[in-house]
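Number of protein chains: 2
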Amino acid sequence: MGTSCSDFDLKKYLPEKTIVINIALNKYLQEQYPPLLYKAMRYSIFAGGKRLRPFLVLEGARVCGGDEKKVMPTACALEYIHTYSLIHDDLPAMDNDDYRRGRLTSHKKFGEDVAILAGDALLTEAFGLLAANAAVKGIKIEQVLNVITLVSGCAGGPGMIGGQLIDTRQSSDSSQEKISAKKQALTYIHNHKTVALIKASLLAGAILAKASSRQLKALTVYAEKIGLSFQIMDDVLDVIGNKKKLGKTGSDRQNKKLTYVSLYGLEWSQKEAAQLIAEAKKAITTFGRKKYILAALADYIVEREY
Amino acid sequence: MGTSCSDFDLKKYLPEKTIVINIALNKYLQEQYPPLLYKAMRYSIFAGGKRLRPFLVLEGARVCGGDEKKVMPTACALEYIHTYSLIHDDLPAMDNDDYRRGRLTSHKKFGEDVAILAGDALLTEAFGLLAANAAVKGIKIEQVLNVITLVSGCAGGPGMIGGQLIDTRQSSDSSQEKISAKKQALTYIHNHKTVALIKASLLAGAILAKASSRQLKALTVYAEKIGLSFQIMDDVLDVIGNKKKLGKTGSDRQNKKLTYVSLYGLEWSQKEAAQLIAEAKKAITTFGRKKYILAALADYIVEREY
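Protein chains in written order, with my numbering: chain G, 1 to 306; chain E, 1 to 306.
Derived from the structure by calculation, the hints contain no laboratory data. Treat the hints loosely; a few may be bogus.
As the list claims (entries may be wrong) - With a cut-off of at most 16 Å between alpha-carbon atoms, the simulated EDC-like pairs for lysine to aspartate or glutamate come out as follows: (1) Lys210(E) <-> Glu142(E); (2) Lys183(G) <-> Glu272(G); (3) Lys140(G) <-> Glu142(E); (4) Lys291(E) <-> Glu68(E); (5) Lys140(E) <-> Glu142(G); (6) Lys137(E) <-> Asp238(E); (7) Lys12(E) <-> Glu224(E); (8) Lys137(E) <-> Glu272(G); (9) Lys69(E) <-> Glu16(E); (10) Lys290(E) <-> Asp67(E); (11) Lys137(G) <-> Glu142(E).
Said to hold, decoys possible - So the derived list for chain G, only partly shown, Cβ under 7 Å to chain E, looks like this: (12) Ile23; (13) Glu31; (14) Pro34; (15) Pro35; (16) Ala93; (17) Glu112; (18) Thr124; (19) Gly128; (20) Val136; (21) Pro158.
Stated by the list, open to error - Footprint (simulated), chain E over chain G, 3 or more residues, beta carbon under 8 Å: (22) 59-65; (23) 138-148.
If you're wondering where the values come from, they're calculated on a predicted model, not measured in any experiment. The beta carbon of each residue, even a glycine, is placed where N, CA and C say it ideally should be.
Pulled out of the complex, with its shape left as it was, chain G reads as follows (with noise of 0.2 Å):
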């Protein structure tokens, strides 16, 4: 909004961006019958996240000279579909979590029928409203298409699915032999559960900006580098974060789960996060002037406490 790169201040900047983006969620997900559905349905939609996949959907748009207004239903979308995961992963039978940040599970609070209708629904009802932003004046409908088939490969079992599912299936078994083979499902696990969700916000938003293929491909690169790094953060903050800003009771080392620092050590995994910061930065430079807020983004992910 009239922002320019030098006074840009991200810490402004996102929490502005997350009252716009609750606004829109609160509009496009009322309470419908049955009550107790819709219950649990909002209050794991405004359960305080940080809206990163609404606001990547926002900002590939604008950076592809799109509208960002002209997104928000596919905004909202993404952050219904990553709402919904959040639930499923949460259940006894995936990491048995009672609380995420700071909140009692959806299960713990409306029963497990209850959070698995709840995080059916947001997914169903996730596709209605991609299709929705059809009716906004400017966007083509080929786009809105394109940007389902993109969503449901990557929120799918090739996509986001598969990840959960070697997530919750790899074995704890700590025999030395095996490190690689855990190393290359540590990544599989991340570029499929984190990472392919947040490459689909972010080319979701610049598919209805009609973008370029060499600006899909910019933004490709640059989401599977914050991606990976946001996750290597994770588990970095994961052992030195502060438990009560997480809002987590740090399930991942209580389940014995593959993590970076159990991997790689905690050095070697805050020197990687940077690294790979550094390269989505430079993958961005193909939008000029208009890179400065991911660049700010890719900064913060590394930077941040929590």
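Please arrange chain E on chain G, whose structure you already have, making use of the hints.
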């Protein structure tokens, strides 16, 4: 396929269509990485289902003058969604069923984590398959988007998932004064849990075949009538049916679920099912000679033994 009204035998026609649908499903749902996920997805997709929903997609297109072959991705997508709903409904937190159609349910075979994820993946990839129908020559992209919106609504919170939530949360309290509330709940459950997706199937095929609003209206009434009749007959067969043929363990009664038979009695239920079928057949007179397959299907619902 050149079959005329007079010599039409649905019991020969349905298995032929099932083969065609299974070939298409096998083409779309190829094993990918991670293998365990796709093994679970294929296990449930190829569990001997009757393929009613994809059949209705094809038939919705055919009666409206469309080409069945051109709506096959959408037909298979509806089977993905039906299958995901069965996998999640069978989970311990929901109906807690160990067997379906005489085979172990997904969570008994693969574990709860994999079952949840296989369901999620089928739902997610269903929307990709709906979008893929736009690549078929002669299919209009606007209609594909309309179908995605329709399916998202019918399968989501206002539709199938809402029905399942009321089903899983309705009280098995047997006090007399609440009988009217129970009847209301039961109607809601079936109109949403079963009817919504049957309606979505017929209308999806019809929309892709560029149906008139009069044709869509006729198919809506037909779907509502046969859907409810189908569900009533399910309750009837749960009581009088052959356990072996049904391949279920009678869990509806074990769980003290609301059923038409328990609320209205066996005789009333059978009469009501027949009455609904008569009304369904009346609704499709607008299709003239082409209606014979839908008419035979309606009859089949009350005449079936399992």
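- Query: Can we keep the threonine 124(G) interface hint, with Cβ of chain E closer than 7 Å?
  - Reply: holds (4 Å)
- Query: Given alanine 93(G) was flagged as interface, is its beta-carbon under 7 Å from a beta-carbon of chain E?
  - Reply: Alanine 93(G) check passes; min Cβ-Cβ to chain E is 4 Å, inside 7 Å.
- Message: With the threshold set at 16 Å, check whether the alpha-carbon distance from lysine 290(E) to aspartate 67(E) stays at or below it.
- Response: holds (13 Å)
- Item | Closest C-beta approach of isoleucine 23(G) to chain E relative to 7 Å, hint status | Isoleucine 23(G) check fails; min Cβ-Cβ to chain E is 21 Å, beyond 7 Å.
- Item | When the least beta-carbon distance from glycine 128(G) to chain E is tested against 7 Å, hint result | Interface hint status for glycine 128(G): holds (3 Å vs cutoff 7 Å).
- Message: Just to be careful, I want the Cα atoms of lysine 291(E) and glutamate 68(E) compared with a cutoff of 16 Å; is the pair within it?
- Response: Holds - the C-alpha atoms of glutamate 68(E) and lysine 291(E) are around 15 Å apart, at most 16 Å.
- Query: Going straight from one Cα to the other, do lysine 137(E) and glutamate 272(G) come out at no more than 16 Å?
  - Reply: violated (48 Å)
- For the hint on valine 136(G), just tell me whether its beta-carbon gets within less than 7 Å of chain E. Constraint on valine 136(G) not satisfied, violated at 13 Å.
- Message: Would the hint linking lysine 140(G) and glutamate 142(E) be met if the CA-CA limit is 16 Å?
- Response: With a Cα-Cα distance of about 11 Å, the restraint between lysine 140(G) and glutamate 142(E) holds, given a limit of 16 Å.
- Message: Need the status of pair lysine 137(E), aspartate 238(E): alpha-carbon distance at most 16 Å?
- Response: Judged against 16 Å, a Cα distance of about 44 Å means the pair is violated.
- Tell me if proline 35(G) is really an interface residue toward chain E, meaning its C-beta lies closer than 7 Å to one of theirs. This interface hint is violated because 10 Å lies over the 7 Å limit.
- Query: Close enough to count: is the Cβ of proline 158(G) nearer than 7 Å to one in chain E?
  - Reply: Proline 158(G) check passes; min Cβ-Cβ to chain E is 6 Å, inside 7 Å.
Checked against the numbered hints above, the structure breaks hints 6, 7, 8, 12, 13, 15, 20 and 22 and satisfies the rest.
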